[in-house]
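Model the full assembly from the supplied sequences, consistent with the hints where possible.
Here's the letter readout for the chains.
There are 2 protein chains.
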Amino acid sequence: MKTLQVALGERAYAIHIGSGLVGDPQWITPHLAGQQALVVTNETVAPLYLDGVLESLAGIRHHHLVLPDGERFKTLDTVNLVFDKLLTERHDRHTTLIALGGGVVGDITGFAAACYQRGVAFIQIPTTLLAQVDSSVGGKTGVNHPLGKNMIGAFHQPRVVVADTDTLDTLDDRQLRAGLAEVIKYGLIGDRDFFDWLERHMDALLERQPALMSEAIRRSCQNKAEVVAADEREAGRRALLNLGHTFGHAIETGMGYGAWLHGEAVAAGMMLAARMSVGLGWLPAAAAARTEALLRRAGLPTTVPASLSAARALDLMAVDKKVQDGRLRLVLLRDIGEAVVTADFSPGDITATWESAASDAAATTATPQGA
Amino acid sequence: MKTLQVALGERAYAIHIGSGLVGDPQWITPHLAGQQALVVTNETVAPLYLDGVLESLAGIRHHHLVLPDGERFKTLDTVNLVFDKLLTERHDRHTTLIALGGGVVGDITGFAAACYQRGVAFIQIPTTLLAQVDSSVGGKTGVNHPLGKNMIGAFHQPRVVVADTDTLDTLDDRQLRAGLAEVIKYGLIGDRDFFDWLERHMDALLERQPALMSEAIRRSCQNKAEVVAADEREAGRRALLNLGHTFGHAIETGMGYGAWLHGEAVAAGMMLAARMSVGLGWLPAAAAARTEALLRRAGLPTTVPASLSAARALDLMAVDKKVQDGRLRLVLLRDIGEAVVTADFSPGDITATWESAASDAAATTATPQGA
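First to last, the protein sequences are chains C and Z. Under the working numbering, the letters of the first sequence match residues 1 to 371, in that order. Under the working numbering, the letters of the second sequence match residues 372 to 742, in that order.
Since the hints were made in silico from the structure, they are not lab data. The model shown is predicted, which means the values in this text are computed figures rather than measured ones. Any given hint might turn out to be false.
Chain C is faced by these chain Z residues, among others (derived, beta-carbon under 7 Å) [as the list claims (entries may be wrong)]:
(1) H516
(2) G519
(3) I523
(4) S680
(5) L699
(6) R700
Now the stretches of chain Z that chain C is said to cover, found in silico as 3 or more residues with beta-carbon under 8 Å [claimed, not checked]:
(7) 384-398
(8) 443-455
(9) 460-466
(10) 487-501
(11) 607-615
Each residue gets a CB set at the ideal place from its N, CA and C atoms; glycine is no exception.
Okay, structure coming up:
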């Protein structure tokens, strides 16, 4: 078992990474705010891990809520189901919400915790690779709006993150690959050694070798924890974590939430960022080629969906949270391990990048499995 | 013009109180976060003051949204209308939301600002006495849930509060009286001199004499600002500001949002708190009589609605935000100017207080005008 700290002063918390953690009360009980808890999970995760978590809460008054599974349910209406449950069961403001599931469950539960009675405690038990390496750490919570992804939300830090690597055994391959997109992202943004390590070990990671998987999660969380500690509310450096996300959100919103997994859209988005960086003369073509090769080895899409035009994508990108006074900013690459936030490009550069990716795609089959 | 400061470190802000402030850009412009703003108001206030506010924003890109008027619209659905407008008009996270109206507009707009893109700036321009002396100051924002008032929300401080006393001229008498309930509350909680002052000047306040009204607002805001600065997130002393509110919320929720004005329900709730304090032997009967006399002079209800049983009220109070591990806490009185938060009573004390108020009420006509 490995433990990392997210250094946020009075909001500091631990991330525990290891095997056999779910259902062991020692990782949860010390962090409960009072004598009540609500476990929020979804219909896929509930049959696998809910009983274990509920047993670990045997000493206190607790309830659970099982949500439908999928990004398309990451809405204000679903958050309201959490409020309904909390009020019906009379949870007070000393309750603790426990998110058991992937990124969608974590985002919804965290946002509900941020808003219920103006803020209650919450705990993250992420059960997907993507949630373990990214969404469960850092306190970003929220839901989608039909006009934009994650447009409604709050910064609300968990009290502890319990990442049980055993839960990855039940993850389907597509979800595993989607999580690897965010793992690769940390290498691209600021950890070139980690990128090299991923190139060496990608095949073993796809085989889910436990020691390597655990190390990939630890290294990813460490990267994220450092950035979050330095810039909790994304005034600066934290924006780098959005590499691939502005393009990716356009794909997710444009295709309808859930058609592409978030990690798949981020993979395609990172490749678009790399292409655009090459086009602007910032990134060596060889670095973009290495990026593409690693994403492909991970089984991730590296191009855009044929049905989404460049014009529509540009339109969707205009509501991105990094827009400032009408001007879009993007995370682009100067090298592997060196990302920058910049507005130093024209809309035409985006359109050209998108269309070149689309025309390459026409000759290949790089859309995600199941999409 | 008087200016008070709410001392909250990097979230500190000014409250400007005076005549002719709405429409004067000097009170607004320095506090805008960027080059965009959305003014949120309601159908009652819009014809009176919206044009003036929009003119003061002439230099920047701005939009406005007119909501229906009334507590029954203080819902998550109405907050979503604000998100729809912001996204349709492509406001980015450097926008500023400006709440122009009473407490409902302020609560909805502040909560929307807290959640839009995980938090944007907002400004309060309160146009009712209740909003000027209470809800616009202190950063409590939120909406109601069918099972409880203000159950969903956030702490989100405004950048400035602009309280224009001229706007009180257009307030109807019932709204004015409802505001006076919160003014009287500050005297009861911790400012006995102010209570004495209110006894001397209640008739002049009901006649809206400008100098006295301005002083009542200043003194109320000063009381509130001191409490908020000492305890922003209501870990302790701030709970005293809820005198009358636990009983009052039960009345508001039980009668249907909007049937009783918030201030009316708080007035009845404060009188119930005084009655219960007398019953427990904590408060001299003479102090309760003075409280009742002042509330009645202000034209406020001092008893409970006949149609709401003690059992139902107790049930509604069980979801109050001051409940802790199943135990209800109330703000009660030791004297005029000396309130305490306590759990040192039984449910039977509440029932007895409620029923005694109801039986007194049967002999009088103390329900609010219009309810």
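The hints, checked one at a time:
Among the interface hints, the one on H516/Z holds; its C-beta lies about 6 Å from the nearest C-beta in chain C, closer than the 7 Å criterion. A cut of 7 Å between beta carbons decides the hint on G519/Z: the least distance to chain C is about 6 Å, and the hint holds. A least Cβ separation of about 5 Å between I523/Z and chain C falls short of the 7 Å threshold, and the interface hint therefore holds. For the restraint placing S680/Z at the interface with chain C, the shortest Cβ-Cβ distance is roughly 19 Å, beyond the 7 Å limit, so the hint is violated.
Of the supplied interface hints, the one on L699/Z is violated, with its beta-carbon coming no nearer than about 10 Å to a beta-carbon of chain C, more than 7 Å. Look at R700/Z: its Cβ only gets to about 10 Å from chain C, farther than 7 Å, so that hint breaks. Taking a C-beta to C-beta cut-off of 8 Å, the segment 384-398 of chain Z contributes 0 residues in contact with chain C, too few for the three needed, and the coverage statement is violated. By the rule of at least three residues with a Cβ nearer than 8 Å to a Cβ of chain C, the coverage given for the segment 443-455 of chain Z holds, with 4 such residues.
Residue count for the segment 460-466 of chain Z with a Cβ under 8 Å from a Cβ of chain C: 4. That meets the three needed, and the coverage hint holds. With 4 residues having a Cβ less than 8 Å from any Cβ of chain C, the segment 487-501 of chain Z passes the three-residue criterion, so the hint holds. Only when three residues or more bring their CB closer than 8 Å to a CB of chain C does the claim for the segment 607-615 of chain Z stand; here the count is 0, and the claim is violated.
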